[in-house]
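S.K.: One-letter residues, chain by chain:
Number of protein chains: 2
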Amino acid sequence: MLVINNYKEMQKYSFELIAQKQKIGFVPTMGFLHEGHGSLIRKIREISDVVVLSIFVNPSQFAPGEDYERYPRNFERDKQIAEDNGCDIIFHPDPINMYPIGYGTEVKLKKLIKTFEGSSRPTHFDGVATVVAKLFNIVMPTYAIFGQKDYQQTLVVRQLAKDLNFPCEIIIAPTYREHDGLAMSSRNVYLSPDERLSASILFHSLEKARAAIMGGERNRKIINAIMHNSLRSLQGIRIDYASSANAESLEEPDIFLSGDKVVLLIAVYIGKTRLIDNLVVNVPAISTTLEDRFVEGV
Amino acid sequence: MLVINNYKEMQKYSFELIAQKQKIGFVPTMGFLHEGHGSLIRKIREISDVVVLSIFVNPSQFAPGEDYERYPRNFERDKQIAEDNGCDIIFHPDPINMYPIGYGTEVKLKKLIKTFEGSSRPTHFDGVATVVAKLFNIVMPTYAIFGQKDYQQTLVVRQLAKDLNFPCEIIIAPTYREHDGLAMSSRNVYLSPDERLSASILFHSLEKARAAIMGGERNRKIINAIMHNSLRSLQGIRIDYASSANAESLEEPDIFLSGDKVVLLIAVYIGKTRLIDNLVVNVPAISTTLEDRFVEGV
Numbered sequence: 001m002l003v004i005n006n007y008k009e010m011q012k013y014s015f016e017l018i019a020q021k022q023k024i025g026f027v028p029t030m031g032f033l034h035e036g037h038g039s040l041i042r043k044i045r046e047i048s049d050v051v052v053l054s055i056f057v058n059p060s061q062f063a064p065g066e067d068y069e070r071y072p073r074n075f076e077r078d079k080q081i082a083e084d085n086g087c088d089i090i091f092h093p094d095p096i097n098m099y100p101i102g103y104g105t106e107v108k109l110k111k112l113i114k115t116f117e118g119s120s121r122p123t124h125f126d127g128v129a130t131v132v133a134k135l136f137n138i139v140m141p142t143y144a145i146f147g148q149k150d151y152q153q154t155l156v157v158r159q160l161a162k163d164l165n166f167p168c169e170i171i172i173a174p175t176y177r178e179h180d181g182l183a184m185s186s187r188n189v190y191l192s193p194d195e196r197l198s199a200s201i202l203f204h205s206l207e208k209a210r211a212a213i214m215g216g217e218r219n220r221k222i223i224n225a226i227m228h229n230s231l232r233s234l235q236g237i238r239i240d241y242a243s244s245a246n247a248e249s250l251e252e253p254d255i256f257l258s259g260d261k262v263v264l265l266i267a268v269y270i271g272k273t274r275l276i277d278n279l280v281v282n283v284p285a286i287s288t289t290l291e292d293r294f295v296e297g298v
Numbered sequence: 001m002l003v004i005n006n007y008k009e010m011q012k013y014s015f016e017l018i019a020q021k022q023k024i025g026f027v028p029t030m031g032f033l034h035e036g037h038g039s040l041i042r043k044i045r046e047i048s049d050v051v052v053l054s055i056f057v058n059p060s061q062f063a064p065g066e067d068y069e070r071y072p073r074n075f076e077r078d079k080q081i082a083e084d085n086g087c088d089i090i091f092h093p094d095p096i097n098m099y100p101i102g103y104g105t106e107v108k109l110k111k112l113i114k115t116f117e118g119s120s121r122p123t124h125f126d127g128v129a130t131v132v133a134k135l136f137n138i139v140m141p142t143y144a145i146f147g148q149k150d151y152q153q154t155l156v157v158r159q160l161a162k163d164l165n166f167p168c169e170i171i172i173a174p175t176y177r178e179h180d181g182l183a184m185s186s187r188n189v190y191l192s193p194d195e196r197l198s199a200s201i202l203f204h205s206l207e208k209a210r211a212a213i214m215g216g217e218r219n220r221k222i223i224n225a226i227m228h229n230s231l232r233s234l235q236g237i238r239i240d241y242a243s244s245a246n247a248e249s250l251e252e253p254d255i256f257l258s259g260d261k262v263v264l265l266i267a268v269y270i271g272k273t274r275l276i277d278n279l280v281v282n283v284p285a286i287s288t289t290l291e292d293r294f295v296e297g298v
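Taken in order, these protein sequences are the chains called X and E. With my numbering applied, the first sequence covers 1 to 298. With my numbering applied, the second sequence covers 1 to 298.
Chain X on its own, in the form it takes in the complex:
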């Protein structure tokens, strides 16, 4: 496995691969890899000739006061995990190589970025969109894979890749979970043993809301209340948001209709650690009479 630190070298390498008509699979990460990242590498491996994994804790997607400085890092361990899962190249640039003195360009989405994560972290998605555009120009991937755990990010990346005509197919992989349902995240390392035990409440709250939808519930506020009530059963939890929305547009109608694809989104603080999770649910068909009643009830 090769480690490349400089973006120009990475670019040169990718041009060689493209000249050889190799399909480049790309796994962008902030490092501190876990089994979720391993599954992304293995999944993209299946369709790519060469797998590039980037490790870059991107300063521009952290706001002042967030955990940029203390974000966990362990390059030697990351290298091992990447290699064990079949990665060919690690791209591991210095911040100064990515954002030199005089840097001054941003990629900004005009939609999808105001609510949920964007409401709690107003500059976050500008930082994400910008670094993804940079990384795509450096790695020039055929495929890029992102985990569904960062749901809103997957929408942002899809939108920007399409809008800016990146010749790269975006692949979204299911969230990788611990046995008790907790979504794998590099930030889980911040949790104390007690907090870790409680943290499965995110997944269980999502599951309760999903069960309600499958049972016929379509009122957005009631669905949100089910998640809030479930989360509040944990003492000391601080809910940032627990909401449902259209899974494509993130719009929040009063009532969902059968056939709608709905995303359930949760962000909470357990102790000092901010955790997010989500589930996508297809609203099932119900009898026309019942549907009429719901719509009239708006």
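Heads up, some of the hints might be wrong.
Same chains, same names: a pair is fine if it fits in one copy or spans any two.
Derived DSSO-like pairs (lysine-lysine); straight-line CA-CA distance at most 30 Å [unchecked claim]: (1) Lys261 <-> Lys8; (2) Lys108 <-> Lys12; (3) Lys162 <-> Lys114; (4) Lys221 <-> Lys149; (5) Lys221 <-> Lys79; (6) Lys110 <-> Lys12; (7) Lys108 <-> Lys149; (8) Lys108 <-> Lys8; (9) Lys79 <-> Lys114; (10) Lys79 <-> Lys149; (11) Lys23 <-> Lys12; (12) Lys23 <-> Lys162; (13) Lys8 <-> Lys23; (14) Lys272 <-> Lys43.
Worth flagging that the hints you see were computed from the coordinates, not collected in a lab.
Once you've looked at the hints, dock chain E against the given chain X.
M.R.: Using the frame of chain X, we list chain E on its own:
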């Protein structure tokens, strides 16, 4: 010569060229080609294996009320001029192919865009930066050439290409002028015969300011006044700006120093037609005593 209308086809074609290690030279234009464009094609031809010229009147860089609708278009004539000058491929997409329904991403610079053209046309450079990023992802050029006539645009494109890590070298070509000094522009066609005769006043005013700098003038306001006075000799002219600035940063110090690279920038309306022009001047060395006097005078 090949004409490609769809961005996916263009991308596919460029991938083939890259696989053959061909150097792609790119001339982005809004069409209605003139001898200035011809010179760009011939210049990039010298260093490229394949020359791609795009013709796209980019709606996103025009504000409401500007001349997007009436911007001159003549595709058949453009094709002839492009071919005569050695162009290999014209990329000529539909607006809907470039900005489909649901489009929502912008590339924005944080500097260089507020003053001069950016002051008169506040959203102009967002539109330029965005379409250039899109075109670079579609054409995947080795080199892209821009005329110096749109001076501020050349700075914007250089900044964004560097910041977003586009693997493309930006080449700036000198402004191509008519015999009386008028910078060639597709918009010159708007001028009446009388206006056309008067329009050389832009170049003559730039020349007067350059002569003053070469003669020792370093006070920015005096240099600007020289251009204003010269332009005002034309009845009915409306000056948008006539200014001097640091040629790299566009900063406007009170006094320029020897060794400074200064750009003289003019935008005026002659009748209803908005014209721009510029000159870059290297401030010559003068005696230390004289320089001290100027600096003390700040």
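S.K.: With reference to the structure, classify each hint as holding or not holding.
M.R.: Each hint tested on the structure:
Taking the shortest alpha-carbon separations for Lys261 and Lys8, only the inter-copy value of 29 Å comes in at or below 30 Å, while the best intra-copy value is 41 Å. For the homomeric pair Lys108 and Lys12, the shortest alpha-carbon distances inside one copy (27 Å) and between copies (27 Å) are both at most 30 Å. Proximity of Lys162 to Lys114 under the C-alpha cut-off of 30 Å is found in both arrangements, the shortest distances being 19 Å within a copy and 28 Å between copies. In this assembly of identical chains, the alpha carbons of Lys221 and Lys149 lie at most 30 Å apart only when taken from the same copy (23 Å versus 57 Å across copies).
For the homomeric pair Lys221 and Lys79, neither the shortest alpha-carbon distance inside one copy (45 Å) nor that between copies (59 Å) is at most 30 Å. For the homomeric pair Lys110 and Lys12, the shortest alpha-carbon distance between copies (28 Å) is at most 30 Å, but the shortest distance inside one copy (33 Å) is not. Taking identical chains as interchangeable, the C-alpha atoms of Lys108 and Lys149 lie at most 30 Å apart whether they share a chain (22 Å) or sit on different chains (28 Å). Taking the shortest alpha-carbon separations for Lys108 and Lys8, both the intra-copy value of 24 Å and the inter-copy value of 23 Å come in at or below 30 Å.
For the homomeric pair Lys79 and Lys114, neither the shortest alpha-carbon distance inside one copy (35 Å) nor that between copies (44 Å) is at most 30 Å. Taking the shortest alpha-carbon separations for Lys79 and Lys149, only the intra-copy value of 22 Å comes in at or below 30 Å, while the best inter-copy value is 50 Å. For a Cα distance limit of 30 Å, the shortest separation of Lys23 from Lys12 qualifies both inside one copy, at 15 Å, and across copies, at 14 Å. Taking the shortest Cα distances, Lys23 and Lys162 sit within 30 Å of each other both inside one copy (19 Å) and across copies (25 Å).
For the identical chains of this complex, Lys8 and Lys23 are neighbours both inside a copy (19 Å) and across copies (17 Å), given an alpha-carbon limit of 30 Å. Taking identical chains as interchangeable, the C-alpha atoms of Lys272 and Lys43 are never at most 30 Å apart, the minima being 33 Å within one chain and 60 Å between chains.
This entry does not satisfy hints 5, 9 and 14, going by the numbered hints stated previously.
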